[in-house]
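Protein chains: 2
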Amino acid sequence: MKRISSKLALKWEGLARPLFVAALFAFTVAAQDPLPSWNDSFSKSAIVQFVTEVTRQGGSSFVPDAQRIATFDNDGTLWVEQPLYTQFAFAVARVKTLAPKHAEWKEQQPFKAVLDGDMKTLAASGERGLVQLIMATHTGITTDEFQGIVSDWIGAARHPRFQRPFTECVYQPMLELMAYLRANGFKTYIVSGGGVEFMRPWAEKVYGVPREQIIGSSVKTKFEMQNGSPVLMRLPEIDFVDDGAGKPVGIQKFIGRRPIAAFGNSDGDQQMLEWTAAGPGKRLMVLIHHTDAIREYAYDHPSPVGALDKALLEAKAKSWVVVDMKKEWKRIFP
Amino acid sequence: MKRISSKLALKWEGLARPLFVAALFAFTVAAQDPLPSWNDSFSKSAIVQFVTEVTRQGGSSFVPDAQRIATFDNDGTLWVEQPLYTQFAFAVARVKTLAPKHAEWKEQQPFKAVLDGDMKTLAASGERGLVQLIMATHTGITTDEFQGIVSDWIGAARHPRFQRPFTECVYQPMLELMAYLRANGFKTYIVSGGGVEFMRPWAEKVYGVPREQIIGSSVKTKFEMQNGSPVLMRLPEIDFVDDGAGKPVGIQKFIGRRPIAAFGNSDGDQQMLEWTAAGPGKRLMVLIHHTDAIREYAYDHPSPVGALDKALLEAKAKSWVVVDMKKEWKRIFP
Chain A
3 MKRISSKLAL KWEGLARPLF VAALFAFTVA AQDPLPSWND SFSKSAIVQF
53 VTEVTRQGGS SFVPDAQRIA TFDNDGTLWV EQPLYTQFAF AVARVKTLAP
103 KHAEWKEQQP FKAVLDGDMK TLAASGERGL VQLIMATHTG ITTDEFQGIV
153 SDWIGAARHP RFQRPFTECV YQPMLELMAY LRANGFKTYI VSGGGVEFMR
203 PWAEKVYGVP REQIIGSSVK TKFEMQNGSP VLMRLPEIDF VDDGAGKPVG
253 IQKFIGRRPI AAFGNSDGDQ QMLEWTAAGP GKRLMVLIHH TDAIREYAYD
303 HPSPVGALDK ALLEAKAKSW VVVDMKKEWK RIFP
Chain B
3 MKRISSKLAL KWEGLARPLF VAALFAFTVA AQDPLPSWND SFSKSAIVQF
53 VTEVTRQGGS SFVPDAQRIA TFDNDGTLWV EQPLYTQFAF AVARVKTLAP
103 KHAEWKEQQP FKAVLDGDMK TLAASGERGL VQLIMATHTG ITTDEFQGIV
153 SDWIGAARHP RFQRPFTECV YQPMLELMAY LRANGFKTYI VSGGGVEFMR
203 PWAEKVYGVP REQIIGSSVK TKFEMQNGSP VLMRLPEIDF VDDGAGKPVG
253 IQKFIGRRPI AAFGNSDGDQ QMLEWTAAGP GKRLMVLIHH TDAIREYAYD
303 HPSPVGALDK ALLEAKAKSW VVVDMKKEWK RIFP
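Sequences listed follow chains A and B, in order.
FYI, in our numbering the residues of the first sequence are 3 to 336.
FYI, in our numbering the residues of the second sequence are 3 to 336.
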């Protein structure tokens, strides 16, 4: 700002500047599209309308801040889940690292498939296969050690098709959506079938979701003393499977409130959306439909990963929002 | 404010008022003791010094906001746990309500003790007894139904000695401490051996701790459809026991971060304090020692409820803060 007379300066300080700043701010907010990577089509309108209504003070659909809970599935909703869940890729890498100590894996599925590079057999082994791999590769170490291993791997690994870090295979429109909700007083949670401790090391930085707002599947841990220091050992025993009907269970367990908005992309998210829909007042249920084989992937069902069938039928029957990725997203990645 | 000349008014608006307000605010903050119910003795000094150090920007002990996690035991740390855990009292009331449908309880412990009013046998049945009562009285209903039952009971029940609602048998010094920590950027969590769904209906209002920051013991729940609406049924099966070595497990499971401050009162809190103490940087570990038979209760060990023995020895050996309730608290209840 150029130097001006002291009287003017006083006036500027006293009255003009605050008004100017306020006006500029209002203009900026109005002019700034909070969802620039979304085309101005049905899904975007439905989302913006929902947020506008639940945040309008005195409106009939107003929801107090504390109850503005939004839950997001992770795989296929916030980042790419094809051709294999990222955590599968991590487990595969761990199997290869640990294989020299496990001669028996050469003849034992799904380890054999991993070591043979037989991705088709591996993908077909589904969640059961993932569980076996997780038990063998994710446990027997402390929570701190596991966090270090995940951080190292995710920093170095690349998606096989997009040749970039998995943490850059996240959906730009969804990042904008989460930021938009948070700017409107929402608390955003991840509610994923994936392992909670696999997500925590990087999700805070990538999604802006703090560690304590990440809900996922888990193994049991045990508190014990190691050389006089307490550690939590990861045990080869499933504690909780946060998928399908497990998602409402996880939501109640960890949050204790029903979300008013929920976002998913597969049949594993169906019960989370049903649970969200069944509460009183305005609700937003959204399914991301992968329709873009060029920029990402096109699949619903059958698919060994992220199958979308019954949830899509229910979404259509109940007028939930179904996002057509190809038509409604201007860009996919950041 | 009296009407003054427009020139002066402009000056007031432009410069004097903000300065005045800032000065007044600083004065108020300095003059206002955030812990008025604490005597100016060792524990208060240690707490204030810890908070001052971890919040001092640029200081060697500075901790960023996101890592300012403080965990509080509930029974005996935030509210009265004598002569029986409040949840025990709730279970007792439920047993009496449900007894007409359970003739077998007349001969079966701990139900017989409840129906005979034999509080000594009941207290002696300890956690095992509580679990049996919980399975019989806390399950087989939906989460929403359970919440309604707890709310109704806690609104009407009275503490047998203090003849006031249990939610008014909370410790005023601890309410001040939680508010003080929150005002300094801490996220306060309850980490209790008690049932999480027993605490959630009232703890938000009483302690200012939101439902999603309450960690406790739990039963398994199951998502199912009831007349076309989804519900979560409470099953007669323990999901998680958030006590003793379970507390660090619960903290990692639900928060995913190690607390920098932890508050307890019994051996059931020992591992939580050890887990907190073992992290890097400044740490605050506090035990409330019940020494006031006149205003509250005097007990440590042996005690069927809230026994404090090994944790007290460790606290003394490691210079954790031990609050002498009788000497250090000006008042007990709000």
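A few of these clues could be false.
In silico DMTMM-like pairs for lysine to aspartate or glutamate, Cα to Cα no more than 20 Å straight-line [unchecked claim]:
{"id": "1", "chain 1": "A", "residue 1": "Lys224", "chain 2": "A", "residue 2": "Asp118"}
{"id": "2", "chain 1": "A", "residue 1": "Lys224", "chain 2": "B", "residue 2": "Glu206"}
{"id": "3", "chain 1": "A", "residue 1": "Lys222", "chain 2": "B", "residue 2": "Glu170"}
{"id": "4", "chain 1": "A", "residue 1": "Lys222", "chain 2": "B", "residue 2": "Asp241"}
{"id": "5", "chain 1": "B", "residue 1": "Lys312", "chain 2": "A", "residue 2": "Glu226"}
{"id": "6", "chain 1": "B", "residue 1": "Lys312", "chain 2": "B", "residue 2": "Asp302"}
{"id": "7", "chain 1": "A", "residue 1": "Lys284", "chain 2": "A", "residue 2": "Glu55"}
{"id": "8", "chain 1": "A", "residue 1": "Lys320", "chain 2": "B", "residue 2": "Asp120"}
{"id": "9", "chain 1": "B", "residue 1": "Lys329", "chain 2": "B", "residue 2": "Glu178"}
{"id": "10", "chain 1": "A", "residue 1": "Lys207", "chain 2": "B", "residue 2": "Glu178"}
{"id": "11", "chain 1": "B", "residue 1": "Lys207", "chain 2": "B", "residue 2": "Glu226"}
{"id": "12", "chain 1": "B", "residue 1": "Lys207", "chain 2": "A", "residue 2": "Asp118"}
{"id": "13", "chain 1": "B", "residue 1": "Lys222", "chain 2": "A", "residue 2": "Glu239"}
{"id": "14", "chain 1": "A", "residue 1": "Lys312", "chain 2": "B", "residue 2": "Glu178"}
{"id": "15", "chain 1": "B", "residue 1": "Lys320", "chain 2": "A", "residue 2": "Asp67"}
{"id": "16", "chain 1": "A", "residue 1": "Lys332", "chain 2": "A", "residue 2": "Glu316"}
{"id": "17", "chain 1": "B", "residue 1": "Lys224", "chain 2": "A", "residue 2": "Asp241"}
{"id": "18", "chain 1": "A", "residue 1": "Lys224", "chain 2": "B", "residue 2": "Asp269"}
{"id": "19", "chain 1": "B", "residue 1": "Lys222", "chain 2": "A", "residue 2": "Asp241"}
{"id": "20", "chain 1": "B", "residue 1": "Lys122", "chain 2": "B", "residue 2": "Glu239"}
Calculated from the structure, these hints are not laboratory results.
Now the hints, each set against the structure:
1. A/Lys224 <-> A/Asp118: Outside the cut-off at roughly 34 Å; violated.
2. A/Lys224 <-> B/Glu206: Not OK: A/Lys224 and B/Glu206 at ~30 Å, beyond 20 Å, violated.
3. A/Lys222 <-> B/Glu170: violated (37 Å)
4. A/Lys222 <-> B/Asp241: Roughly 11 Å between the alpha carbons, so the hint for A/Lys222 and B/Asp241 holds.
5. B/Lys312 <-> A/Glu226: With Cα atoms ~16 Å apart, B/Lys312 and A/Glu226 stay inside 20 Å; holds.
6. B/Lys312 <-> B/Asp302: holds (10 Å)
7. A/Lys284 <-> A/Glu55: Holds, at roughly 8 Å.
8. A/Lys320 <-> B/Asp120: Violated, at about 55 Å.
9. B/Lys329 <-> B/Glu178: holds (17 Å)
10. A/Lys207 <-> B/Glu178: violated (33 Å)
11. B/Lys207 <-> B/Glu226: violated (30 Å)
12. B/Lys207 <-> A/Asp118: Violated. B/Lys207 to A/Asp118 sits at ~58 Å, over the 20 Å cutoff.
13. B/Lys222 <-> A/Glu239: holds (16 Å)
14. A/Lys312 <-> B/Glu178: violated (51 Å)
15. B/Lys320 <-> A/Asp67: Outside the cut-off at roughly 42 Å; violated.
16. A/Lys332 <-> A/Glu316: Given that 20 Å is the threshold and the Cα spacing comes to 27 Å, the pair is violated.
17. B/Lys224 <-> A/Asp241: Within the cut-off at roughly 15 Å; holds.
18. A/Lys224 <-> B/Asp269: holds (18 Å)
19. B/Lys222 <-> A/Asp241: Cα-Cα ~11 Å, so holds.
20. B/Lys122 <-> B/Glu239: The hint is violated at about 26 Å.
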